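Protein chains in written order, with our numbering: chain A, 1 to 371; chain B, 1 to 371.
Only pairs whose alpha carbons sit at most 27 angstroms apart, straight line, appear in this in silico BS3-like list of lysine-lysine: (1) B:Lys162 <-> B:Lys187; (2) A:Lys10 <-> B:Lys91; (3) B:Lys85 <-> A:Lys26; (4) B:Lys68 <-> A:Lys68; (5) A:Lys318 <-> A:Lys26; (6) A:Lys293 <-> A:Lys318; (7) A:Lys68 <-> B:Lys26; (8) A:Lys10 <-> B:Lys187; (9) B:Lys304 <-> B:Lys353; (10) A:Lys10 <-> B:Lys216; (11) A:Lys68 <-> B:Lys279; (12) A:Lys82 <-> B:Lys9; (13) A:Lys186 <-> A:Lys91; (14) A:Lys353 <-> A:Lys279; (15) A:Lys86 <-> B:Lys26; (16) A:Lys9 <-> B:Lys139; (17) B:Lys155 <-> A:Lys10; (18) A:Lys293 <-> A:Lys279; (19) B:Lys68 <-> A:Lys353; (20) B:Lys9 <-> A:Lys85; (21) B:Lys208 <-> B:Lys155.
The set of hints was computed from the structure by calculation and includes no laboratory data.
What you are looking at is a predicted structure, and each value in this text was computed from that prediction instead of being measured.
Protein chains: 2
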Amino acid sequence: MQTAKKNAKKNLRAVILNMHQYTAGKSIEEIADKYNLDPSRILKLSSNENVLGSSLKAKIAATLALEKVNIYPDVVSDELSKEIKKTHGLKNIEVVVGNGMDHIFEMLARLFLNNGDETIISIPTFSCYELVTLWAGAKPRLIPLLKNYQMDIGKILSLINKKTKMIFICSPNNPTGNLMKTEDIKKILDSTDKIVFLDEAYAEFAGKSLVKWIEKYPNLIIGRTFSKIYGLAGYRVGYAFIHKNLANYYLNSITPFVVSRPGQAAALAALDDHDFFEKTIRMVEEGKNFYYKELSKANIKHLKSDANFITLDTYPQKASLLANELLERGIIVRECSTFGKGGEYLLRISIGKREHNVKVLEVLRERSIRD
Amino acid sequence: MQTAKKNAKKNLRAVILNMHQYTAGKSIEEIADKYNLDPSRILKLSSNENVLGSSLKAKIAATLALEKVNIYPDVVSDELSKEIKKTHGLKNIEVVVGNGMDHIFEMLARLFLNNGDETIISIPTFSCYELVTLWAGAKPRLIPLLKNYQMDIGKILSLINKKTKMIFICSPNNPTGNLMKTEDIKKILDSTDKIVFLDEAYAEFAGKSLVKWIEKYPNLIIGRTFSKIYGLAGYRVGYAFIHKNLANYYLNSITPFVVSRPGQAAALAALDDHDFFEKTIRMVEEGKNFYYKELSKANIKHLKSDANFITLDTYPQKASLLANELLERGIIVRECSTFGKGGEYLLRISIGKREHNVKVLEVLRERSIRD
Chain A
1 MQTAKKNAKK NLRAVILNMH QYTAGKSIEE IADKYNLDPS RILKLSSNEN
51 VLGSSLKAKI AATLALEKVN IYPDVVSDEL SKEIKKTHGL KNIEVVVGNG
101 MDHIFEMLAR LFLNNGDETI ISIPTFSCYE LVTLWAGAKP RLIPLLKNYQ
151 MDIGKILSLI NKKTKMIFIC SPNNPTGNLM KTEDIKKILD STDKIVFLDE
201 AYAEFAGKSL VKWIEKYPNL IIGRTFSKIY GLAGYRVGYA FIHKNLANYY
251 LNSITPFVVS RPGQAAALAA LDDHDFFEKT IRMVEEGKNF YYKELSKANI
301 KHLKSDANFI TLDTYPQKAS LLANELLERG IIVRECSTFG KGGEYLLRIS
351 IGKREHNVKV LEVLRERSIR D
Chain B
1 MQTAKKNAKK NLRAVILNMH QYTAGKSIEE IADKYNLDPS RILKLSSNEN
51 VLGSSLKAKI AATLALEKVN IYPDVVSDEL SKEIKKTHGL KNIEVVVGNG
101 MDHIFEMLAR LFLNNGDETI ISIPTFSCYE LVTLWAGAKP RLIPLLKNYQ
151 MDIGKILSLI NKKTKMIFIC SPNNPTGNLM KTEDIKKILD STDKIVFLDE
201 AYAEFAGKSL VKWIEKYPNL IIGRTFSKIY GLAGYRVGYA FIHKNLANYY
251 LNSITPFVVS RPGQAAALAA LDDHDFFEKT IRMVEEGKNF YYKELSKANI
301 KHLKSDANFI TLDTYPQKAS LLANELLERG IIVRECSTFG KGGEYLLRIS
351 IGKREHNVKV LEVLRERSIR D
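Next comes chain A alone, as it looks inside the complex (with noise of 0.2 angstroms):
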């Protein structure tokens, strides 16, 4: 049976032949080895996670949760779904908990994508959207910024046709860190019923979000996570609101038990940590502050953003330039390439406490001074 030895690759779908492993931000073990560096004294702002830490209280529920972590989870988290849809109080919009938002907007696809079909993404943005289009079968039409990282709500208009079925938008963006012009998604929901998926991973860090409108336009689907503002990133718990016409189907369609006894529980608890919350949006509101001031003095050119990072503009050089010799000093941030076109030179930085920001600031001046 030698051919059918050799044959196993044989069965895989033309799709898969051309993925690339997704790209992490660097973690402080690889950076620690590499550059021959005490792992303690590494500094990790490259994948926008809470530097705070995590709510003491989501700590001890999870602690708690371990007493019966031989049972599975809730099927669908129904608990901490729940207790979400209670904290907004919406008609008509019901909250579904994914294994991380990805999780999430990946069952979205397998809701809506058929082979052949298109999405329309703005870039540079997350890259998981791109993937999960890819991953279906379906095509992602890739839609430049403009100038001012504002969607190009007119080549964006112009694309949607029979085969679109989703619209990616992400606001505030990821990695330039502004907010989408509201006028901008309420054009695209005003002109299709296409689903436009709402990334809002770090609304909580712009104060604003477009939930309600769900109650108006049912084909807005709008993701929220547990990692960035809860500091829960090592739980992987994302969650969606979904109008009610559609929730049934999603739910229907889902592998069952993705999130974990002790990630709900600890979701289910930080959702009540409001300490928690307000210390990580004062952090963070400082942080940009103190940037803004010390990168405009410097004259380092830098985004404007709504979310727990700041991004540097590093044209005409390449981001991944300056992240290396950030790198070499202990720092990780995030060289924003694999966003899409423009993303290469652009250098994301997650907001640190004081002495972090700082300690990144002194690198950035003195290279500034070089240059």
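With chain A's structure known, arrange chain B on it following the hints.
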């Protein structure tokens, strides 16, 4: 924009319109509510969880991991996958880790199933093979097991055609509990290079595995889980052995960060807790022997099990009748109608501690006398 509002549903794929929510084993809370019972007195023997709980080492590791739960977990569970690989030491065979084993064969459907492709599944069995097939737009060919609960190998071989991409085999089979004949699995592998997914979720209880075969048959992929013998169902950690020629395609095509940080830590520690492993094996072995003896004495038809559950054959009565009688007494077991044709006459009971098994047998005996 009234039209736009009404038509969000029209974006759904046709296959999604016919889906139903996954039927999980009933939870203690659900049954306590329904029958007005004290939750602490309810016995949950419906999901083949480990009634001994989980390894203390695993719980400690999970608690320690909370320190960094604000940080994303390793993107592909690298350390855990290397450690599992080491415990088996198999050349050319890689280990991939998923959010429960379900997640792994869901990803395999992404790798191998196009619209219109076919899979072959022997029923009654775990319903998720059929679900991932349908989600992919492919067609499951469901072949009833023979009277001895073995595969209808002639039928299976005759059904393999150009459209066939995956053959699912569950061994020990859920919910019948028996190992599939090795010679039948060999016949399939010798006759085809289609992907054969072998679900060995219960292999540790059988003390038998075909992992080594992957060296000879690169089209064989074998799934395993931390949910059963390791008692970590609440954490959702599964893994699979896969030939190195396919492993990179897998890693290139999956969602990142699917297993939580504490989940990875717990699984790593559980691997190392041989005492807990052996204690579980012993409890299940003793429990099964007790059941065999007592069921035979009481003339209650049952199947021989290589897993951590025992299955009763309730024909010609529907298993749901007996399941309900047990439920009313606070014992949750699983009637298997959702496992496909034939399952409606099977009642699956997880092996419990001695006192649990005694309690179940009391009800069964009482009922069999009444009949």
